[in-house]
Amino acid sequence: MLQTISYLYQVADVFAFLVLAAAGLAIIFGMMGIINMAHGEFIAVGAYVTTYSYQAGAPLIVGMLLGAVVAGLFGVVIERTIVRRFYHRPIDSLVATWGISLMMTQGALLLFGSGAPGVGTPFGSVAFAGGSFSVYRLVLVVVAVLMLAGLYLVFMKTRFGVHARATMQNAAMARSLGVPVDRIYAATFGLGAALAGLAGGLYAPTMTLSPMIGSSFVIEAFVTVVAGGADVLVGTPPAAIALAVIKATATAFWGQVYGVMGLLVAVCLVVRILPEGFTGWMTRRRA
Amino acid sequence: MRPSVRMLLATAAMFTALPAAADDSDPIKIGLLEDQSGEIAITTLPKVRGTQLAVEEINAAGGIAGRQLELIAYDPQFDNAKFQEFTRRLIDSDEIDVLFAGATSASREAVRPIIDRTDIPYFYTNQYEGGVCDGNMIGTGGLPEQQFSTLIPWMMEKYGKRVYTIAADYNFGQISAEWTRKLVEDNGGEIVGEEMIPLGVSQFGQTIQNIQQAKPDWLMTLVVGNSQASFYEQAPAAGLKIPMGSSITIGLGFEHKRFKPPAMENMHVAMNWFEEVSSPEADAFKERWRAKFPEETYINDMGQNAYAAVYLYKKLVEMADGSTELADLREQIATGQACIDAPEGQICIDPKSQHVSHRMWQVSVDAEHNVTVERSWDKVEPYWLGEVGCDLTQYDPKDQYTPSYLPEPQ
Amino acid sequence: MKELLSLVNGPQTFGAGRTFWSIAGLLLLAALVFPFFASNYTVGNVAYFAVWIFMALGLSLIWGYGGMLSFGQTAFFGLAGYGYGVIAINFGQQSNLTLVALLLALVVAGLLALLIGYFMIYGRITGVFVGIVTLSLTLTLATFVNQTAGAEWRIGRARLNGYNGMTRIPPLSIPWVDGKLYFEGTAFYFLVLALLVLTYLGLRILVNSRFGNVLVAIRENPDRAELLGYDIRRYQLIAFVIGSTLAGLSGALYTAWGQFIAPASMALPAAAMPIIWVAVGGRKDLTATLIGTFLVLWLFQSLIVVSQQYALIFIGALLLVTILFTPGGYLVWLFEHWQRLVERRRERTAVTTAPAPVGSAAE
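Residue numbers (my numbering), protein chains in the order written: chain Z, 1 to 287; chain V, 1001 to 1410; chain P, 2001 to 2363.
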């Protein structure tokens, strides 16, 4: 009984991590065809803002939201000044965002040095069926699901969402219909950056705070985006579930090394079998 | 004719005397290669500062054998290729007299082939898995036999004989886990679980579950790097509150300053230096450090080792009457008298292995992250290499040995 | 001579005229002569930079000419490096011929490239997904090798040694009159220079030949090339194998130079570096890649020497500025501007020396 519960808990835990790490990257890649190598640094912005606001006395939730907002603003600024020139040029955007990432990481090290003491994981633990589990990590699972639901509402039920989806499908047509495409791009990049910042803020209490904190998320985020495809609503959730099962199973049976390698091998297989990721598979099924 | 011959001889004598005079005003060039940016810079920047402090102090006190020290440092950015590149630069272009370089073992192994072809001494000032038997190298960091032989018997007596090990899955972690297993079993205990974690992993859900199910008496945590250190936050959050032992926490990565209490509660570590150590030398050293670097979060063992190593070099050169030649310095090492009073306590270079004996300190961390010094041992020797057959006074294999790769009998 | 020139010149590379080749000749002459005037350090440093250029040229072929962004260059760098290490440690002492180890390492890299390339290209993986698959494979390899520290991980007498890297690798040597000739210092420099010249000229001939034209056609529009009757997968595979083997050459030379190879050479951020160099210098032209990579490496080193911990910030800014203002690569931008200047001057001289229009003569 404990084994099953423990296993389900692990799958849910990895699922939450993958969704939260990948959501921002998926939106940016899906909308603008850009590989954002600075994704890890937006996560770090969120983590640092959250930690420092908490140290300054703000409640943790406020700190996390603030982290998301600051990361989002950062994203908008970078988009307006630099990234806009690289739409649908994934390689040039890769180099540009890599340059940004170098500057941000080293800049953070120089400014903040060894970093502030961490926040500490809230909510303690709960004992269940003979084992004990961190409550906060279950909270994160709930947050991940809520985030997906929130994104669904935003993209499906708001005007911004309609405009954004139109721009994603056919930017020229959307522009000719009066959609403020430039502003949509800026807002979407900002949204992607804000989600990355939120992920950083959410996980900061559970990890070491350092300028390189983002690097712990990057591989998982990248793998999930590739497997999920361009649509964050249709592709990311099933991809996250599938990869979570793979990683949790591999780790449970053979250890962490095989968990990591399992993810990377899985992505090769997915690319081979489902070239457009789960998005392609789901949309083809619907059609 | 004869007076001119005498003049010729006098002139010749003058010229042979001149080079010696020129040496006294030539600076001794110290090469330093430590990460100032990149993955582990947070823990290696104290090495740069420790070296700078030592150089400044020695220069203010007149230098070494009347010569001032000149510090030439480059930032290898946690890239082995850059370690190689800049070692060559230091040797060929800057013409250093001594090299202090490398934190990770990989960077050390990248540097060794290059420095081994020269007559330049190489100080590796980091704690590591041990085993390098190389005449060019002097290892001044802590070694597994020094750290585990002191810590493990105490932990087993205090907490019990069932031990679970989690270790970073690379050379240092694997060899440390091997040492742990050996010492636990030698002391009548049992390793109930051993998990290897790849570098860079930061999520420990499954590992925590495994530990809870195995129900050990205490945990040996040999996790390395910022990502893996997240374990210390996630374990108590999941309700895993169990005594922990380590050879690299607190003193190296100052986790007690970077995690919110009580994450590091019940952690016990044995190393050759913690900033919390108090003695006349240690306190004076800490004062001088903070006077020069007031923003320092924590003076870690890497920083103290780097500082002490410069003084160790000074001692060797003075023992060799001002010579900086490797052969002369090694002659002095072979006497077994190369000792200094470092901030940690007295350290001496062991002639057989050219590693350093340490004053070992053991600390415990409580729920408020206060660090208490439990015990200390004088002069814990780096005995393992000598025991397995490395004797640098006899021959120089320039190799690295491990418990499963021993030297061939000579 | 004229025949050689007609082979190396062509539509796929910049520079075909007398000016270009005179400058190239002068540079080569300078490169041959400079070791006798420069310090040991500078010679070694230049040779060290040159070692990485093979990997960049290989990527230029695969990506610039073939249109496939391969993140796998460092994987083949590592495979050939470890290959050289294993062969040289096991057989180097007896045969004194570690140069053979270098060649064998290249063969190993090439065969593996053939295998991986076949499954990838004939598995219809194209575009940005080539990059994703190659990156995943590279990272998997690096993660795997990282944990091979135990004594059981050995090939013959060569221990893989995991994260710490493989050590005690013999340097390059061939039997010589009185013992061994070691390829170190100046000898190493000349070896690398010779290999570089051969590779550059060889690649020029390749891309300017029919093969190169078809490869570029595939890059521009794979469907059209297929409709024209070309087996696009065969061309892509050949380009992939050649380019990856060149990355292997970099790896084997690096390993022989430093007598050391570690998995960190394969993982991020090392895996991204060839892409950065080639993107910044100019991937669509071999000359731009060659000179661009060399200058970028030299610039990065100088920045570190001068600015220590601020170097990464300057390097990041440099990447950003370069890709913003010269997206095809700064040297490509320079070449194009140079060409435009030359053409404009040719037009002007043509106008001033043109015969008077027929009408005006009829006075």
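It should be emphasised that the hints constitute simulated quantities derived from the structure, not laboratory data. Accuracy of the hints is not assured; some may be wrong.
If the Cβ cut is set under 8 Å, some of the chain P residues that face chain Z in the computed set are [unchecked claim]:
{"id": "1", "residue": "Leu2005"}
{"id": "2", "residue": "Phe2036"}
{"id": "3", "residue": "Gly2067"}
{"id": "4", "residue": "Val2128"}
{"id": "5", "residue": "Leu2137"}
{"id": "6", "residue": "Leu2139"}
{"id": "7", "residue": "Thr2140"}
{"id": "8", "residue": "Leu2299"}
{"id": "9", "residue": "Leu2303"}
{"id": "10", "residue": "Val2305"}
{"id": "11", "residue": "Gln2309"}
{"id": "12", "residue": "Leu2320"}
Quick reminder that beta carbons are idealized off the backbone N, C-alpha and C, glycines included.
Interface hint for P/Gly2067, Cβ within 8 Å of any Cβ on chain Z: The hint is violated - P/Gly2067 has no Cβ within 8 Å of chain Z, the shortest such distance being about 11 Å.
Minimum beta-carbon distance criterion (8 Å), P/Leu2005 to chain Z: Interface hint status for P/Leu2005: violated (33 Å vs cutoff 8 Å).
Hint status (Cβ of P/Val2128 to nearest Cβ of chain Z, threshold 8 Å): Status holds, d = 6 Å.
Hint status (Cβ of P/Leu2320 to nearest Cβ of chain Z, threshold 8 Å): This hint holds: P/Leu2320 lies near chain Z, its Cβ roughly 4 Å from the closest one there, short of 8 Å.
Interface restraint verdict for P/Val2305 against chain Z (beta-carbon cut-off 8 Å): Violated - the Cβ of P/Val2305 stays beyond 8 Å from chain Z, reaching only about 16 Å at its closest.
Hint check: 8 Å Cβ-Cβ cutoff, P/Leu2299 to chain Z: 14 Å, violated
Interface hint outcome for P/Thr2140 [beta carbon to chain Z under 8 Å]: At about 4 Å, which falls below the 8 Å cut-off, the nearest Cβ of chain Z leaves the hint on P/Thr2140 intact, so it holds.
Hint check: 8 Å Cβ-Cβ cutoff, P/Leu2303 to chain Z: 12 Å, violated
Restraint check, 8 Å cut-off on beta carbons, for P/Leu2139 near chain Z: Interface hint status for P/Leu2139: holds (6 Å vs cutoff 8 Å).
Satisfaction of the P/Phe2036 interface hint, Cβ to chain Z closer than 8 Å: With Cβ-Cβ at 38 Å, over 8 Å, it is violated.
Cut-off 8 Å, beta-carbon criterion: hint that P/Leu2137 touches chain Z: Interface hint status for P/Leu2137: holds (7 Å vs cutoff 8 Å).
Chain Z contact restraint on P/Gln2309 - CB to CB distance below 8 Å: 7 Å, holds
Violated hints for the displayed structure, listed by number in ascending order: 1, 2, 3, 8, 9 and 10.
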